[in-house]
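J.: So the sequences go chain by chain: Z and X.
The opening position of the first sequence corresponds to residue 887 in the working numbering, with each subsequent residue numbered one higher.
The opening position of the second sequence corresponds to residue 759 in the working numbering, with each subsequent residue numbered one higher.
Honestly, I wouldn't trust all of these hints.
To be verified - Straight-line Cα separation of at most 27 Å, DSS-like style, residue types lysine-lysine; simulated pairs: (1) Z:1179 with X:836; (2) X:906 with X:763; (3) X:906 with Z:1015; (4) X:812 with Z:1069; (5) Z:1047 with X:763.
As the list claims (entries may be wrong) - Covered, in the sense of this in silico footprint (three residues per stretch, anywhere, with C-beta under 8 Å from a C-beta of chain X), are these stretches of chain Z: (6) 904 to 913; (7) 916 to 924; (8) 968 to 982; (9) 1018 to 1026; (10) 1090 to 1097; (11) 1151 to 1161; (12) 1172 to 1185.
Because the hints were derived from the structure by calculation, they are not lab data.
The beta-carbon is built from N, C-alpha and C at its ideal position, and this holds for glycine as well.
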Amino acid sequence: MVLVFAEQNQGVFKKSALEAVSYAASVAAASGTEAHAIVLGTCQDAAALGQYGATKVYHLNDERLNHLEAKAYAKAIGQLATEAGAKVIVFSNNNTAKAVAPRVSARLKAGLVAGAIALPDMNNGFVVKKAVFSGKAFSFVKINTEIKVISLTPNSFGLIKVDGQAEVILKTANFTDSDFAVKVESVQTVSGIVPLGEAELVVSGGRGLKGPENWGILEDLASAVGATLACSRPVADSHWRPHHEHVGQTGGTIRPNLYIAVGISGAIQHLAGVNSSKTIVVINKDAEAPFFKAADYGVLGDAFEVVPRLTEAIKKFKAAQHA
Amino acid sequence: MTGMKILVCITKAPDTTTKIAFVDNDTRLNEAGVQWIINPYEEWYALVRALELKEAGLATAVHLVTVGKADTEPVIRKALALGGDEAIRIDADSNDSFYIASQIAHFARTENYDLIMTGKESIDYNNASTGAMIAELLDMPYITHVSKLEVSGNQVQANREIEGGEESNSCSVPLVISCQKGMAEARIPNMRGIMAARTKPLKVVTPVEESELTSTISYEMPPQKAGVKMVAPEQMDELVRLLHEEAKVI
Ligand SMILES: Cc1cc2nc3c(=O)[nH]c(=O)nc-3n(C[C@H](O)[C@H](O)[C@H](O)COP(=O)(O)OP(=O)(O)OC[C@H]3O[C@@H](n4cnc5c(N)ncnc54)[C@H](O)[C@@H]3O)c2cc1C
Ligand SMILES: Nc1ncnc2c1ncn2[C@@H]1O[C@H](COP(=O)(O)O)[C@@H](O)[C@H]1O
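Whenever a hint applies, use it, and build me the whole structure from the sequences.
T.: Rendered as structure tokens:
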């Protein structure tokens, strides 16, 4: 059986969680078995995971699990994996999984590939492809243990919808107080925006924009496209933008379908975080900017003229589509 | 409690400008000409914050640990030049996170550290796994992606980045955390630090018997881009058409 952790927030599954379920279902199909999901915390609609290929959903309906507590999550997932006989355990490699998947791996002494970008190759052992050197290369990692843990990079597999309902089975775990040692004092969420790590469309700005007061044109473009904002490191370092928007070797590594880079030179450390994007558009007024070499489409021009024009063109296109 | 005993986990990484290439049938990084640096997240954030806590009298000792062969000593000396009381090198080479975490956990178990700090991820293997594994092996709580860390007695206040926001956590030690931007401002080693680092203890510890749960079989470079298609700045409708019809991304 392939067990997949489907993360949810107030009963809503993130797209990346559904992607992980789709991935788990494909791994299960390739090894002639079923995919079962595990859901932690309050959730009304766990059965919906059947539409992405899970045949069973184990639901730990325990309020204490409504917030991430790495120790408790790992215990719950580890215990269930053992009890239900999981051979492969799948996560979506976001900040939650980074806290939990390695703990499950250590707990079960089951080899982990963190940041998988493709289905495992099971022809010759169990080999999983992942990005290394911050996106400058890939590696093929063989898992040597009987139980395997895979944490899938968001946006690297896609959703596969099927016609199915899953059977929901309520479960409990043997928690102790020490499993909940970390107390959540407060949460500040940026609502309504797709988190950068999961975003399919990203608009990013660099020092070429001159100052934070000029970000309006990028915000307009992002909202026309439906994109999430990102930035280069000096932009975050100068506090023009919040640091969670910083991408690159020392910031986030992302692989959206579309990355629009405005006023970013394309330094190797910046490219490291974004060059796995499927399509890259570069807007820069310097023909020698190294970013053009890594781009699919380039616009040589002044961002302050080009970006508003692009925003208008997108709006026109969207209006025509909806007409 | 009079102050915390802190362990900072340090790994080496190729300088960020390194052009990555592989040798031996793509099974090994071409190390010729590679400059090794301290992995930025522990250099800029974990280590500096640990030193600040010691300077503020909130920590009694800051130890550095690395799992690596003798060739990692220059990097650990560089870390000692920034500060820290002593360094421990566990004499083994692996890129399996479980193997590395097991070595660190085994060493840490007898030393009774209150706080174990790692970087948020290594910029070479990008696993972001080692800290969580150490925590599991030592049965300790774990907070990832910490961007702010305050300490008072045996209590820790930590802000961590979550998907689409930030969360403020509190926890008592012992505890493992992974560190990222926001926690501290990077420091540059000074001459005094560099001189002092030469005489600071660097203990070499024999690794314990442990298996590698994963092995890297080979590497691959990303496919080359076909080349950039330039669109005139006046023709943004054309760019939108290309993004829709050719790239199929909007
Ligand atoms: C250890 C290390 C780690 C690093 N990690 C990262 C990282 O994670 N992420 C990152 O981004 N950087 C990182 N850097 C920094 C990196 O080397 C570059 O300095 C940085 O990416 C440059 O940011 P930029 O492109 O915004 O600015 P610049 O390099 O200053 O480029 C600005 C660009 O804007 C263009 N421009 C100016 N005006 C206009 C206009 N009106 N219209 C259009 N274009 C215009 C210019 O032609 C230029 O190409 C790192 C560096 C080091 C040493
Ligand atoms: N060989 C190592 N020795 C000591 N610490 C390490 C080692 N490898 C990784 N770490 C620590 O674990 C963090 C995360 O690394 P990784 O799990 O490889 O992404 C790093 O930032 C280091 O703090």
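J.: With reference to the structure, classify each hint as holding or not holding.
T.: Comparing the hints with the structure gives:
no., hint, verdict
1, Z:1179 with X:836, "violated (35 Å)"
2, X:906 with X:763, "holds (19 Å)"
3, X:906 with Z:1015, "violated (33 Å)"
4, X:812 with Z:1069, "holds (25 Å)"
5, Z:1047 with X:763, "violated (51 Å)"
6, 904 to 913, "violated (count 0)"
7, 916 to 924, "violated (count 0)"
8, 968 to 982, "holds (count 3)"
9, 1018 to 1026, "holds (count 9)"
10, 1090 to 1097, "violated (count 0)"
11, 1151 to 1161, "holds (count 4)"
12, 1172 to 1185, "holds (count 8)"
This entry does not satisfy hints 1, 3, 5, 6, 7, 10, going by the numbered hints stated previously.
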